[in-house]
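Visitor: Listed below, chain by chain, are the residues.
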Amino acid sequence: MGLVPGLITGLGVTLKEVVKTATKGAETVQYPHVKEDPPPRARGVIALHEENCTSCMLCARECPDWCIYIEGHKDLAPPRRAGGKPRTVNKLDRFDIDYGLCMYCGICVEVCPFEALFWSPEYEYSEPRIADLLHDKSRLGQWMDTVPEFEAYEGGAETKAKKVPRP
Amino acid sequence: MAVTDAEPEAPVVEVPTIEHNMATEAATEVHPGQVGLLPRNDAVMRMSEVQMAERADAPLDDENDQTMLMNMGPSHPSTHGVLRLMLEMDGESVVRSKPVVGYLHTGMEKTGEALTYLQGPTNVTRMDYAAPFFNELAFSLAVEKLIGLEIPERATWIRMLMSEMNRISSHLLFMATNGMDLGAVSMMIYGWREREEVLRFFELVTGLRMNHNYIRPGGVAADLPDGWRDSVGRLLDILPPRLAEYDILMTGQPIWRERLQGVGVMGADEAIALSATGPVLRSTGVPWDLRRDMPYLAYDEVEFDVVVGTYGDAFDKYAIRLNEIRESMRIVHQILDKMPKGDYRATDTKVTPPPRARIDESMEALIHHFKIFTEGFKVPEGEVYAAVESPRGELGCYIVSDGGPKPYRMHIRGPSFINLQTLPHMMSNGLIADAVAVISSVDPIMGEVDR
Numbered sequence: 204m205g206l207v208p209g210l211i212t213g214l215g216v217t218l219k220e221v222v223k224t225a226t227k228g229a230e231t232v233q234y235p236h237v238k239e240d241p242p243p244r245a246r247g248v249i250a251l252h253e254e255n256c257t258s259c260m261l262c263a264r265e266c267p268d269w270c271i272y273i274e275g276h277k278d279l280a281p282p283r284r285a286g287g288k289p290r291t292v293n294k295l296d297r298f299d300i301d302y303g304l305c306m307y308c309g310i311c312v313e314v315c316p317f318e319a320l321f322w323s324p325e326y327e328y329s330e331p332r333i334a335d336l337l338h339d340k341s342r343l344g345q346w347m348d349t350v351p352e353f354e355a356y357e358g359g360a361e362t363k364a365k366k367v368p369r370p
Numbered sequence: 008m009a010v011t012d013a014e015p016e017a018p019v020v021e022v023p024t025i026e027h028n029m030a031t032e033a034a035t036e037v038h039p040g041q042v043g044l045l046p047r048n049d050a051v052m053r054m055s056e057v058q059m060a061e062r063a064d065a066p067l068d069d070e071n072d073q074t075m076l077m078n079m080g081p082s083h084p085s086t087h088g089v090l091r092l093m094l095e096m097d098g099e100s101v102v103r104s105k106p107v108v109g110y111l112h113t114g115m116e117k118t119g120e121a122l123t124y125l126q127g128p129t130n131v132t133r134m135d136y137a138a139p140f141f142n143e144l145a146f147s148l149a150v151e152k153l154i155g156l157e158i159p160e161r162a163t164w165i166r167m168l169m170s171e172m173n174r175i176s177s178h179l180l181f182m183a184t185n186g187m188d189l190g191a192v193s194m195m196i197y198g199w200r201e202r203e204e205v206l207r208f209f210e211l212v213t214g215l216r217m218n219h220n221y222i223r224p225g226g227v228a229a230d231l232p233d234g235w236r237d238s239v240g241r242l243l244d245i246l247p248p249r250l251a252e253y254d255i256l257m258t259g260q261p262i263w264r265e266r267l268q269g270v271g272v273m274g275a276d277e278a279i280a281l282s283a284t285g286p287v288l289r290s291t292g293v294p295w296d297l298r299r300d301m302p303y304l305a306y307d308e309v310e311f312d313v314v315v316g317t318y319g320d321a322f323d324k325y326a327i328r329l330n331e332i333r334e335s336m337r338i339v340h341q342i343l344d345k346m347p348k349g350d351y352r353a354t355d356t357k358v359t360p361p362p363r364a365r366i367d368e369s370m371e372a373l374i375h376h377f378k379i380f381t382e383g384f385k386v387p388e389g390e391v392y393a394a395v396e397s398p399r400g401e402l403g404c405y406i407v408s409d410g411g412p413k414p415y416r417m418h419i420r421g422p423s424f425i426n427l428q429t430l431p432h433m434m435s436n437g438l439i440a441d442a443v444a445v446i447s448s449v450d451p452i453m454g455e456v457d458r
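So the protein lines, in turn, are chains A and B. When the letters of the first sequence are read in order and numbered with this note's numbering, they come out as residues 204 to 370. When the letters of the second sequence are read in order and numbered with this note's numbering, they come out as residues 8 to 458.
Watch out, some of these pointers could steer you wrong.
To be verified - Here are the in silico distance ranges between beta carbons for each label pair:
#1 A:E352 <-> B:R200: 31 to 39 Å
#2 A:K288 <-> B:G410: 24 to 32 Å
#3 B:S193 <-> A:Y328: 54 to 62 Å
#4 A:R297 <-> B:F377: 17 to 25 Å
#5 B:D97 <-> A:L304: 47 to 55 Å
#6 A:Y328 <-> B:G98: 52 to 60 Å
#7 B:R416 <-> A:L304: 22 to 30 Å
#8 A:K288 <-> B:P347: 48 to 56 Å
#9 B:E390 <-> A:N293: 42 to 50 Å
#10 A:H236 <-> B:D233: 28 to 36 Å
#11 A:E352 <-> B:E390: 40 to 48 Å
#12 B:F377 <-> A:L304: 52 to 60 Å
Keep in mind that the hints were calculated from the coordinates and are not lab data. Since the structure is predicted, the reported quantities are computational estimates derived from the model, not experimental observations. Glycine residues also receive a C-beta, built at the ideal position from the N, C-alpha and C atoms.
Could you put the whole structure together from the sequences, leaning on the hints where they help?
Guide: What follows is the structure, encoded as structure tokens:
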């Protein structure tokens, strides 16, 4: 193929694409107007179900870049049965995740044994100031509504997947 | 075959001493043994930063000055990140050159010593960010080799599926950037469009588009989700006609061929002496592919061809990658047929945390869960090297363990890093415009070079 015919066939491919874009619309998703639906497994943002957290610190110490900050104290709760001893419960004072540091590796969600942390596929939380990416526990709690239902446990497991706790 | 011929010769090459490296006119004293294997050894500029600065301060001598020293990069758009090249130019052509690395140094190898084997993959996956699964795979294979852990068959095949898909996405990225570097700008958008489809599949399976932390010591993080077959099948339907478009746009395109053919030529002996791997080595005609020659995972159970070139030029390196996409698709087709059922991670309780459902019903499982995550699992003392064939060549992971839950030392043999040392040899006596084509054909990922 000579230079000029080569050029023309090459331009033919791009021209086809131009015609396709003009008639059928672009291949790309026009973001602010159209939003892509992330798959249920998408790691968008971490949601916190505060009632389940026992401030065991497992997530904070397993986080590879230490972006979780937890403070808590022990509190006395009324006894379950009348006449019993008051129970000690862990109260969460502070649970912050710094999304400026987070690597989205998902280790915290995996290690949480009490089902307090969940992945939500939401992704629209960018901030003009990096300091605002530090989400506190109330902000993390708001994401709970967007958490998708659990997938079934690994194939062949007899236990049914549990329900995601809803506020 | 060239591989077996060159191996006994390799020890003859004398490593240049430090003084030799520092000497400005080192090119004059080339060891005789090096001439045969590295005919263009004088193309490497052995000049320190100080010597270069001294030359910059020297008064101009218009009559005797023959060459010009020039820096390309570190922030040059065609250097794939932050590669800096010191070039000695004679007019338009490159006489000697020296790649300078280290501008993206992140200390990931050192960080790896502070992270447990469970946290390790999330660190190594950030090295070669265009092919993250291969980093995780090399790391996991090394750890498993040290423990002597057998992983379930399904985990092996999932790993193979993900790494072949990753090879496709990485080579598509190469198609995009290679076109962009050489002025075929629309190619960038084509390559990116197809890569996006592969990344969607990754997001479906792992939850992230890159840096997945999916392949781990003991298996993979999660089983394949529902609908993965449709997603892969759709991709395998989309890709062939689009690759045919690439053939029209680039492979058969006289403009493209004239730009690339005969640029950055390297011989087989030279490539082996420089320990180049991957498409850079295969373009010279050496059929060396770890998937076939030292099979890992289940690559001995699938059929594929190792694509080799003839001329060792930039066009061969492009064509090899394009056809490796087709070979990878062939492997993925076979994986779809052969994907076994079973566990996606090992059931060895020393390495694998208890299943999620057990934690709520058993106190022992909860204790086990805490223990495995707070302490990490212990890996026997010893050292190990495991290598995989990444899209850029042999990606190896070397781990020394002192018996604790963290590696005593972790080292990655990055193919980009080692292929970079072929640059001066391929660039010598070429035009500076061809230097861009040469860098692009090596396809270095700087995150892996500097680690």
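Visitor: Against each hint, give a clear statement of whether it holds in the structure.
Guide: How the hints compare with the structure:
For E352 (chain A) and R200 (chain B), the Cβ-Cβ distance of about 32 Å falls inside the hinted range of 31 to 39 Å, so the restraint holds. In this structure the hint that K288 (chain A) and G410 (chain B) lie 24 to 32 Å apart at CB is violated, the actual value being about 45 Å. Look at S193 (chain B) against Y328 (chain A): about 34 Å separates their beta carbons, and that is not inside 54 to 62 Å. Range check, R297 (chain A) to F377 (chain B): Cβ separation about 22 Å, and the 17 to 25 Å hint holds.
Range check, D97 (chain B) to L304 (chain A): about 49 Å between beta-carbon atoms, so the 47 to 55 Å window is met. Hint check: Y328 (chain A) to G98 (chain B), Cβ distance near 54 Å, so the stated range 52 to 60 Å holds. Taking the beta carbon of each, R416 (chain B) and L304 (chain A) are about 26 Å apart, inside 22 to 30 Å as hinted. A hinted range of 48 to 56 Å holds for the C-beta pair K288 (chain A) and P347 (chain B), which are about 54 Å apart.
The given range of 42 to 50 Å is respected by E390 (chain B) and N293 (chain A), whose C-beta atoms sit roughly 43 Å from each other. As the Cβ distance of H236 (chain A) to D233 (chain B) is approximately 30 Å, the hint placing it in 28 to 36 Å holds. Take E352 (chain A) and E390 (chain B): their Cβ atoms lie about 45 Å apart, and the range 40 to 48 Å holds. Between F377 (chain B) and L304 (chain A) the beta carbon distance is about 24 Å. The supplied range of 52 to 60 Å is therefore violated.
Hint violations for this structure: numbers 2, 3, 12, all remaining hints satisfied.
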